[in-house]
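Participant: So the chains spell out like this:
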Amino acid sequence: MLIYTLKRLGLAIIVMITVSMISFMLLRVSGDPAISLAGEGASSAEIEFVREQYGFDRPLIIQYFEWAGRAIQGDLGNSAYVKQSVAQMLRERMGVTMTLGICSLTFAMLLAIPLGMLAAIRPNTWIDRLALSISVMGQAMPSFWFGLILIIFFGVYLRWLPISGSDTWKHFVMPTIALGYYATPAIMRLVRSGMLEVLASDHIRTARAKGLRWPKILFKHTLRNAIIPVVAVAAVQLGFMLGGSIVIEAIFALNGLGNLAWVSISRSDLPVVQAIVLFLSIIYIFLTFMADIFNAFLDPRIRSS
Amino acid sequence: MTPTQQQQFDSGLGLDVVFPTPGQIMGQRMKTHKGFILGGLMVLIVFMMAIFAPYIAGHDPYQQDLSKRMISPIWSEKGTWDHPLGTDNMGRDYFARLVYGSRISLLIGFSCMAIAAVIGISLGLTAGYFGGLADYIVSFIITVRLALPAVLVAVAVVALIGGSTKVVIMVLGCLIWDRFAVILRATTQQIRAMDYVQAAQAAGCSVLWLMIREIMPNLFNSIVIVATLEIGRAILLEAALSFLGMGVQPPIPSWGLMISEGKDLMLFDPYLVTIPGVALFFLVLGMNLFGDGLRDVTSPEGRS
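Chains A and B, in that order, are what the protein sequence lines are. Using numbering that gives the first Met the number 0, you'd call the opening residue of the first sequence number 0 and step up by one each time. Using numbering that gives the first Met the number 0, you'd call the opening residue of the second sequence number 0 and step up by one each time.
Extracted from the complex, chain A is given alone in its bound form (with noise of 0.2 Å):
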């Protein structure tokens, strides 16, 4: 057990260095930053003075490592647009991001769930075609598309919930559910065929044989069985969720890492859209770690592979 989680803290800590190198190269290279920083119409002179000030002008890798090194002290730099460091902006927005993040996380669990378990124990009957049709709506739907749907139906025609900001719980009601809906199709997929392999394994004839309890049966012996790999699956859905908010936190204005990542992409804030990636990038593998571990944790089988 410990060599591996050894082994996979080894693995996990050179993704990150390799995500971050890409994080930061991919942003260097795909536009002259000193550009964008000048603004527009800004005469060769003030570029040059821009590229200077920044150190642009020095080769890249040189640029890197002094990134690097003062990122991991906490040391994210300034932000070019606003004058304030940029960890001090991440610690402010990420708050509104982790819970967006958590509650889309358990609203997918609590419909998946339930849902997966209730279309295994009665296949092709119609509780299975209505969890077949919501996961296959859900890989279709635009989450965008259904953030603003709600927004006219709920919040416009009903009236019942706030449409933008983030200042009560009731205005992470319709950002939860459009993003939690696109992260239910994986997990309920999961859910039910874990649960019909397990259904169908020996170890349930045998309790049903002994007579015990269907409820014991279907929580106890089966659904623990089950749900082991959608541990993983939810860890990675909640890496992607984060990611995905950007497009949800600028339909419902929640002022968090998403909506600050396309404030800054769109003023051209290099540090801070930099740093957001590689946040983000880093939650997503320690996400998958920690699943990796708590996987290998409840199933032997894993650690020896």
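No lab work stands behind these hints, which were simulated from the structure alone. Where a beta carbon is used, it is the ideal one built from N, C-alpha and C, also for glycine. There may be inaccurate statements among the hints.
Sample of chain B residues with no beta-carbon within 12 Å of chain A, all distances over it, derived [what the hints assert, rightly or not]:
#, residue
1, 39
2, 65
3, 88
4, 131
5, 143
6, 186
7, 193
8, 211
9, 212
10, 231
11, 234
12, 266
13, 275
14, 287
Straight-line Cα separation of at most 20 Å, SDA-like style, residue types lysine to any residue; simulated pairs [to be verified]:
#, chain 1, residue 1, chain 2, residue 2
15, B, 262, A, 164
16, A, 6, B, 143
17, A, 6, B, 249
18, B, 30, B, 224
19, B, 33, A, 135
20, A, 6, B, 135
21, B, 77, B, 90
22, A, 6, B, 138
23, A, 6, B, 131
24, B, 262, A, 6
25, A, 219, A, 297
26, A, 215, A, 226
27, B, 262, A, 222
28, B, 165, B, 251
Position chain B against the provided structure of chain A, taking the given hints into account.
Facilitator: Just chain B now, kept in the frame of chain A:
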């Protein structure tokens, strides 16, 4: 690949026992698989729209007419048959924009898929065939790719390079190859271990021959299935990018862009947002149903 005529066997009892060929079994499954037929039809409708756009549209999708701004669609009281889905803020016929928008979605969906397929298939095939170090490196690349938040990176890069249809295709194509690589890697591993591949190798076939002539044909199913799903994903991502203003640029009629342009007016005229959204949903749903159906009818054991 499979003979279309039925194979006949003499049972020795004077009875002709007829076995259907694998192709016939597949054809039979296709005819009875509802999702496959429905999805195929939905995609076909959008294809027809894209191909015959100039004949169906009735109006120029770029033609602005400020005297005809915001005409309501036909189902509201003020609608006219001249503009069945109404007009937008600039007085452009919404139906024409919708019809022409199908071209953009399909163009982007298929081009991104093609780029993603080239990257993903090469990586997956290499990893699955060679195993060992190559497998380790490719798996690492896939992990790194998955760790990067796709939408955010796409938006940032498009914003820096400058949005255009070409840039969107390149950026998305380079971001969504992961599923190709993951699935092709697993499938190649399975086929690589089969006896006939070993036999071909023993007979002295070159690596390239083994990969392309022996293994690739058996990957075709997986490739087509992943491709249909990736087209749907690319279309949704393009719509999200265009919605954020970092994708296809105005005045090109893209469904995502149409939603973005209608967003500010949606409180009074929801049709500006609902219509292109339904179109997106329709196309992606069709693609996914078709892909899922294809997987069911082509897999040897059918739907399990």
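Participant: The structure should be examined with respect to each hint, and the outcome stated for every one.
Facilitator: Structure-based check of each hint:
No beta-carbon of chain A comes within 12 Å of the beta-carbon of residue 39(B); the shortest separation is about 15 Å. Its beta-carbon lying about 26 Å from the closest one in chain A, residue 65(B) satisfies the requirement of being farther than 12 Å from that chain. Non-interface status of residue 88(B) relative to chain A is upheld: no Cβ of that chain comes within 12 Å, the nearest being about 16 Å off. Chain A leaves residue 131(B) outside its interface by the beta-carbon criterion, the shortest separation being 16 Å against a cut-off of 12 Å.
Not every C-beta of chain A lies more than 12 Å from that of residue 143(B), the closest at about 5 Å, which undercuts listing it as non-interface. Against the 12 Å criterion, residue 186(B) stays outside the reach of chain A, whose nearest CB is about 19 Å from its own CB. The Cβ of residue 193(B) lies farther than 12 Å from every Cβ of chain A, with a closest approach of about 22 Å, so its non-interface assignment holds. For residue 211(B), the condition that its CB be more than 12 Å from all CB atoms of chain A holds, with the nearest at approximately 30 Å.
No Cβ of chain A comes within 12 Å of the Cβ of residue 212(B); the nearest lies about 32 Å off, and the non-interface call holds. Against the 12 Å criterion, residue 231(B) falls within the reach of chain A, whose nearest CB is about 7 Å from its own CB. Non-interface status of residue 234(B) relative to chain A is broken: a Cβ of that chain comes within 12 Å, the nearest being about 9 Å off. With a cut of 12 Å on Cβ distances, residue 266(B) falls inside the contact zone with chain A, its closest approach being about 5 Å.
The beta carbon of residue 275(B) sits about 8 Å from the closest Cβ of chain A, which is not more than 12 Å, so the claim that it is off the interface is violated. For residue 287(B), the shortest C-beta to C-beta distance to chain A comes to about 5 Å, within the 12 Å cut-off, and the non-interface label is violated. Straight-line distance between C-alpha atoms of residue 262(B) and residue 164(A) comes to about 17 Å, which keeps the hinted pair within the 20 Å bound. With a CA separation close to 16 Å, the supplied pair residue 6(A) and residue 143(B) stays within the 20 Å bound.
Pair hint residue 6(A) plus residue 249(B) does not hold up; C-alpha atoms about 49 Å apart against a cutoff of 20 Å. Only pairs whose Cα atoms come within 20 Å are accepted, and residue 30(B) paired with residue 224(B) is accepted, the gap being roughly 18 Å. Restraint check for residue 33(B) and residue 135(A): the C-alpha separation of about 14 Å stays at or below 20 Å, so the hint holds. For the proposed pair residue 6(A) and residue 135(B), the alpha carbon gap of about 13 Å is at most 20 Å, so the pair holds.
For a cut-off of 20 Å, the pair hint linking residue 77(B) to residue 90(B) stands: about 15 Å separates their Cα positions. About 15 Å separates the Cα atoms of residue 6(A) and residue 138(B), which keeps this hinted pair within 20 Å; it holds. Annotation: proposed proximity of residue 6(A) to residue 131(B) holds, straight-line Cα distance about 17 Å (limit 20 Å). Of the pairs offered as hints, the one joining residue 262(B) and residue 6(A) is violated, with about 49 Å between alpha carbons and a cut-off of 20 Å exceeded.
Distance hint between residue 219(A) and residue 297(A) is fulfilled; the C-alpha atoms sit about 15 Å from each other, no more than 20 Å. Between residue 215(A) and residue 226(A) the alpha-carbon distance is near 15 Å, which keeps this suggested pair within the 20 Å criterion. Distance check on the hinted pair: residue 262(B) and residue 222(A) sit about 43 Å apart at the alpha-carbon level, beyond 20 Å; violated. With a C-alpha separation of about 13 Å, the suggested pair residue 165(B) and residue 251(B) falls inside the 20 Å cut-off, and the hint holds.
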